[in-house]
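There are 2 protein chains.
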Amino acid sequence: MRKIVVTLILTAFGFISSAQNTDSLMIRRVADEILINSKAYDNLRYLTKQIGARLAGSPGMVKAEQWGFKTMQESGADKTRLQECMVPRWVRGGRDEAGITSFQSTTEGVGKTKSERKLDVTALGNSIGTGPKGIVDNVVLINSFDELEAKKDQVNGKIVFFNYKFNPAYVNTFQAYREAGQYRTHGPSRAAKYGALAVIIRSLSGSTDNNPHTGMTDYDSAYAMIPAVAIGLRDADFLSDRLANGKVSVFIRTNGKFLPDTIGHNVIGELKGSQFPEEIITVGGHLDCWDNCEGAHDDGAGCVQTIEVLRAFKAVGYKPKRTIRFVLFANEENGLRGGAKYSEEAKAKGEHHIFALESDAGGFTPRGFGFVVSDDQFKKIMQWQKLIAPFGAADFIRGGGGADIGPLNKAFGTPLASLNLDSQRYFDIHHARNDVFESVNKRELELGAVNMAALIYLVDQYGL
Amino acid sequence: MRKIVVTLILTAFGFISSAQNTDSLMIRRVADEILINSKAYDNLRYLTKQIGARLAGSPGMVKAEQWGFKTMQESGADKTRLQECMVPRWVRGGRDEAGITSFQSTTEGVGKTKSERKLDVTALGNSIGTGPKGIVDNVVLINSFDELEAKKDQVNGKIVFFNYKFNPAYVNTFQAYREAGQYRTHGPSRAAKYGALAVIIRSLSGSTDNNPHTGMTDYDSAYAMIPAVAIGLRDADFLSDRLANGKVSVFIRTNGKFLPDTIGHNVIGELKGSQFPEEIITVGGHLDCWDNCEGAHDDGAGCVQTIEVLRAFKAVGYKPKRTIRFVLFANEENGLRGGAKYSEEAKAKGEHHIFALESDAGGFTPRGFGFVVSDDQFKKIMQWQKLIAPFGAADFIRGGGGADIGPLNKAFGTPLASLNLDSQRYFDIHHARNDVFESVNKRELELGAVNMAALIYLVDQYGL
Chain G
5 MRKIVVTLIL
15 TAFGFISSAQ
25 NTDSLMIRRV
35 ADEILINSKA
45 YDNLRYLTKQ
55 IGARLAGSPG
65 MVKAEQWGFK
75 TMQESGADKT
85 RLQECMVPRW
95 VRGGRDEAGI
105 TSFQSTTEGV
115 GKTKSERKLD
125 VTALGNSIGT
135 GPKGIVDNVV
145 LINSFDELEA
155 KKDQVNGKIV
165 FFNYKFNPAY
175 VNTFQAYREA
185 GQYRTHGPSR
195 AAKYGALAVI
205 IRSLSGSTDN
215 NPHTGMTDYD
225 SAYAMIPAVA
235 IGLRDADFLS
245 DRLANGKVSV
255 FIRTNGKFLP
265 DTIGHNVIGE
275 LKGSQFPEEI
285 ITVGGHLDCW
295 DNCEGAHDDG
305 AGCVQTIEVL
315 RAFKAVGYKP
325 KRTIRFVLFA
335 NEENGLRGGA
345 KYSEEAKAKG
355 EHHIFALESD
365 AGGFTPRGFG
375 FVVSDDQFKK
385 IMQWQKLIAP
395 FGAADFIRGG
405 GGADIGPLNK
415 AFGTPLASLN
425 LDSQRYFDIH
435 HARNDVFESV
445 NKRELELGAV
455 NMAALIYLVD
465 QYGL
Chain P
5 MRKIVVTLIL
15 TAFGFISSAQ
25 NTDSLMIRRV
35 ADEILINSKA
45 YDNLRYLTKQ
55 IGARLAGSPG
65 MVKAEQWGFK
75 TMQESGADKT
85 RLQECMVPRW
95 VRGGRDEAGI
105 TSFQSTTEGV
115 GKTKSERKLD
125 VTALGNSIGT
135 GPKGIVDNVV
145 LINSFDELEA
155 KKDQVNGKIV
165 FFNYKFNPAY
175 VNTFQAYREA
185 GQYRTHGPSR
195 AAKYGALAVI
205 IRSLSGSTDN
215 NPHTGMTDYD
225 SAYAMIPAVA
235 IGLRDADFLS
245 DRLANGKVSV
255 FIRTNGKFLP
265 DTIGHNVIGE
275 LKGSQFPEEI
285 ITVGGHLDCW
295 DNCEGAHDDG
305 AGCVQTIEVL
315 RAFKAVGYKP
325 KRTIRFVLFA
335 NEENGLRGGA
345 KYSEEAKAKG
355 EHHIFALESD
365 AGGFTPRGFG
375 FVVSDDQFKK
385 IMQWQKLIAP
395 FGAADFIRGG
405 GGADIGPLNK
415 AFGTPLASLN
425 LDSQRYFDIH
435 HARNDVFESV
445 NKRELELGAV
455 NMAALIYLVD
465 QYGL
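These protein sequences, in sequence, are chains G and P. Heads up: the first sequence begins at 5 in our numbering, then just goes up one per residue. Heads up: the second sequence begins at 5 in our numbering, then just goes up one per residue.
A portion of the hints provided could be inaccurate.
A pair counts as met if it fits within one copy or between any two copies, since identical chains are not told apart.
Said to hold, decoys possible - Straight-line alpha carbon distances no greater than 35 Å define the calculated DSBU-like cross-link-like pairs of lysine-lysine that follow:
(1) Lys43 to Lys251
(2) Lys43 to Lys122
(3) Lys390 to Lys169
(4) Lys169 to Lys323
If you are wondering where the hints come from, they were derived from the structure by calculation, not from laboratory data.
Model the full assembly from the supplied sequences, consistent with the hints where possible.
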């Protein structure tokens with residue numbers, strides 16, 4: 005009996021070992037294809053330099069969709085299509101956004117004089133404009149929502165400056181972003197509740213430069229919609245220093261507004277499954293980006309990595325068992341209509357979505373994956389860790405997913421994953437004018453695609 | 005009995021757990037000090053922008069030593085000193101290094117014409133110059149040492165172009181560097197053996213730009229010393245393409261030479277141990293850098309991190325049990341005289357060196373440590389992994405150390421470690437003109453110091 009058990013164990017072990025060896029070889033083959041012959045970097049150059057900014061509904065996004073469609077076809081998709089969805093059309097409006105701060109300064113021998121300094125401002129996404137004359141008023145410094153509550157009687161008719169800082173003690177910068185992020189999302193309405201005229205926020209960044217970072221604000225319909233801008237970190241430090249020394253007024257002019265909703269598209273390439281074609285695996289990034297940058301890391305990287313996984317699978321002749329969809333989502337930044345549409349149609353068609361992976365944290369060195377899965381699924385996934393570890397994304401954690409694939413999880417309970425990357429540089433460039441092609445490293449970008457391909461391959465082979 | 009055993013186990017467990025908790029708190033405290041109040045980035049700015057290039061024996065290195073001494077004192081060292089050592093004094097000599105390639109090109113309607121193209125060249129460190137008139141000759145393309153052996157009869161009186169490429173399939177770029185590195189180190193003498201007049205190497209890099217990368221070549225005294233340059237990757241591709249189409253000649257002019265050895269110094273700051281002052285722990289980087297760059301990553305980063313560990317220990321009031329030496333080594337790049345001197349003096353004085361750590365792989369995000377230790381020591385070290393992992397350097401591997409601390413291991417068997425960092429960007433800038441302050445990210449740099457401090461703290465607490 006003992007002998008039989010041992011034999012059985014050895015056989016089972018041999019089987020697993022041989023399967024893992026096959027997997028290891030296939031992943032290495034795909035990795036080599038990407039690291040040696042990748043088109044991801046050239047594709048990113050085109051998307052950022054030839055197309056550039058591409059907010060939902062903008063002419064740039066239309067061009068990007070056409071590029072995505074063509075590139076998906078050229079990369080070997082069995083089927084490529086544009087999935088129509090209505091998207092919001094927020095425009096910054098005009099090039100004369102401005103911020104000027106006025107304050108008393110003391111010059112020796114002269115006494116107090118009025119000084120001015122230009123602030124580098126960017127209107128928050130989805131925010132309303134001030135009108136062409138702008139807004140001038142005194143500024144109230146607020147370091148936190150608690151402080152806002154304490155000073156709620158002082159903000160009526162004033163401009164509120166939320167100076168909440170990125171916490172540098174967090175090793176993962178996304179923690180700092182999550183904390184500070186609420187000032188961009190909810191700050192304007194929280195201040196409007198107490199009668200503020202406009203809001204300035206300290207950019208959601210820990211960078212050493214002064215670039216302002218935009219990103220969506222989310223008005224609470226219970227309160228007045230008031231203009232809102234972000235300023236760079238050096239300006240924020242300057243403003244808070246000045247406010248510590250006396251009254252400061254700021255002039256802001258912004259021109260944001262919504263035009264009517266317009267037609268946008270998710271770009272979908274597909275490799276049909278050979279054994280279980282009805283089981284769908286989705287891998288994607290979002291094609292839209294803010295209007296003030298090239299969207300190289302956010303999320304050009306995720307798009308070209310997605311296409312690269314497709315290209316590499318085809319190049320090595322990999323025939324997936326399950327159907328793999330490569331999706332460039334529309335409108336992640338200011339509406340999530342692309343992700344919503346993808347899930348709605350899946351539901352209407354009764355599709356079976358077994359897994360979705362999104363790359364939307366930049367084109368930096370991969371560190372791991374964040375999984376939204378059951379305990380049993382996570383156990384299964386952990387067995388794959390050693391196959392992926394050689395390529396860098398060894399840190400498998402619970403929690404993650406992605407904004408565009410979230411609706412699949414809500415609709416079907418589809419297991420999700422996010423590609424997690426080295427986070428140190430991300431908020432230096434996130435939603436800022438320096439999110440450009442030059443800030444992306446070719447190999448880091450490619451390694452992201454390698455790890456995505458490895459995970460997708462394993463899910464395709466073994467399901468969840 | 006069972007109860008006693010359980011109690012003993014619980015007690016032991018409680019003790020370990022409480023010690024680990026104390027350690028965890030202390031490491032977190034040091035980490036916060038560094039991430040919130042670090043001076044590493046400002047120190048690096050000064051070293052790179054105010055001092056800049058600092059090859060051994062150069063005026064820049066003298067300034068850097070003075071800066072290091074002063075900064076070590078200001079950061080709280082109990083004792084600071086300059087440890088004298090003789091260093092080589094190689095100079096590039098003159099600013100008119102040049103490379104021009106001449107080849108036949110075919111223009112429609114005109115026929116074959118002679119064309120020229122400038123090459124971006126840099127003499128290899130320690131190489132001899134061509135003389136002011138330069139060298140012009142036909143080029144022989146050699147892709148590997150094997151090919152050199154096969155073509156050894158064709159290189160006499162010619163210029164050999166070693167076009168060995170970085171292997172992009174390696175995930176860790178240091179693997180590619182180790183393979184390709186031998187062409188820089190040994191290529192010139194290997195070619196001289198067969199009568200070559202000069203050597204051009206493809207830069208040791210996988211970058212997307214055309215910057216040439218210098219670095220030390222090591223002449224074999226058995227053969228003639230011949231001039232040697234590196235060219236950038238785009239030029240290397242151009243040259244090999246041209247060579248595939250016919251004869252190509254290249255003009256090279258370099259002016260490298262050795263001046264007499266001169267006096268250099270290791271900069272040593274010390275915190276005296278309170279319990280075991282005779283047990284010495286060394287942590288360091290090297291202060292010298294190549295003359296064509298600011299040496300920001302290589303190894304300004306290691307230097308300011310070393311000083312930052314000192315500053316942070318003092319700032320949180322940590323009193324080490326053992327003596328900790330913070331060392332900025334002289335002359336790592338082209339002679340290793342600083343590291344040799346440090347070890348020689350230690351031997352002469354009968355010092356007891358229990359551990360040494362070097363940071364010399366750039367200021368990128370820390371990924372782990374490479375240990376040169378015994379099996380038992382490694383087992384002990386692995387128990388610390390979970391204390392360091394939250395700060396990023398979780399990947400503990402065997403093998404590593406550092407060029408400057410290597411002699412300690414040879415002399416005393418001292419256990420060594422290297423700080424291992426994300427390697428993707430390193431060889432984009434290594435020994436090239438773009439190794440400048442701007443290529444270093446503040447947080448990545450600081451996280452390196454955090455992880456170094458954590459390891460040094462643990463070795464100080466528990467020894468090896």
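Checking Lys390 and Lys169: alpha-carbon separation at most 35 Å within a copy, between copies, both or neither?
-> between (38 Å within a copy, 29 Å between copies)
35 Å Cα threshold - placement of Lys251 relative to Lys43 = Cα proximity of Lys43 and Lys251: across copies only (32 Å, versus 55 Å in one copy).
Could you figure out if Lys43 and Lys122 sit no more than 35 Å apart (CA to CA) within one copy, between two copies, both or neither?
-> between (42 Å within a copy, 29 Å between copies)
Tell me, please, which holds for Lys169 and Lys323 at an alpha-carbon limit of 35 Å: within, between, both or neither?
-> between (49 Å within a copy, 32 Å between copies)
In terms of the numbered hints stated before, the structure departs from none.
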